[in-house]
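K.L.:
Assemble the whole structure, with the sequences as input and the hints as a guide.
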Amino acid sequence: MTEPPALPVVWRPRTTRTVAYATAGVIVVGMAVLAVVVAPQFKLFDRVLMVAFGLAVAWVLHMLARCRVAADREGITVVNAFRTRRFAWPEVVDVSMTVGEPWPTLDLADGTSLGAMGINGAERELSARQLGELQVLVREHGEAAERA
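Per UniProt numbering: the sequence shown = residues 1 to 148.
Be aware that a few hints might be false.
Derived DEER-like restraints, expressed as beta-carbon distance ranges [as the list claims (entries may be wrong)]:
# : residue 1 : residue 2 : range
1 : Gln41     : Val19     : 32 to 42 angstroms
2 : Leu49     : Ala122    : 49 to 59 angstroms
3 : Ser113    : Val48     : 36 to 46 angstroms
4 : Ala122    : Ala32     : 22 to 32 angstroms
5 : Gly75     : Val99     : 19 to 29 angstroms
6 : Phe42     : Phe82     : 27 to 37 angstroms
7 : Val33     : His62     : 17 to 27 angstroms
Treat the hints as calculated values from the structure; they're not laboratory data.
All C-beta atoms in this analysis are idealised placements derived from N, C-alpha and C, irrespective of residue type, glycine included.
P.N.:
Structure follows, in structure tokens:
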């Protein structure tokens, strides 16, 4: 059984962040270089739009790379690509991730569920450890622990 980590703790995917930020850098630099060396029929406005497009793609990649799951004494914060949600411990009933899923699913007390993109299933060993730690914390701090 996995030992509960010391709180506060933050889980983030490593590969996703590395790939997203490296790709964003290549795209921004590539679009800037393209804007400088492009044929003379492209005006300044066109060149600015090229760089702006590269920056827009970099922003989307940053939004994907910022995903994380953070736990503290009060609850869990899930930061997905475009939305951040905060849950008190009793609101999270269970955490599960079957083989092949891209990220774990938090089952919530109101009957809904939420994907936690901050734990990436593609990083098998890391995600298994992170999932185990999160499951232990949910059991330890969640509503089920209070009933015992």
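K.L.:
Each of the hints needs a verdict: does it hold here or not?
P.N.:
Verification of the supplied hints:
| no. | hint | verdict |
| --- | --- | --- |
| 1 | Gln41 <-> Val19: 32 to 42 angstroms | holds (35 angstroms) |
| 2 | Leu49 <-> Ala122: 49 to 59 angstroms | violated (34 angstroms) |
| 3 | Ser113 <-> Val48: 36 to 46 angstroms | holds (43 angstroms) |
| 4 | Ala122 <-> Ala32: 22 to 32 angstroms | holds (31 angstroms) |
| 5 | Gly75 <-> Val99: 19 to 29 angstroms | holds (28 angstroms) |
| 6 | Phe42 <-> Phe82: 27 to 37 angstroms | holds (32 angstroms) |
| 7 | Val33 <-> His62: 17 to 27 angstroms | holds (21 angstroms) |
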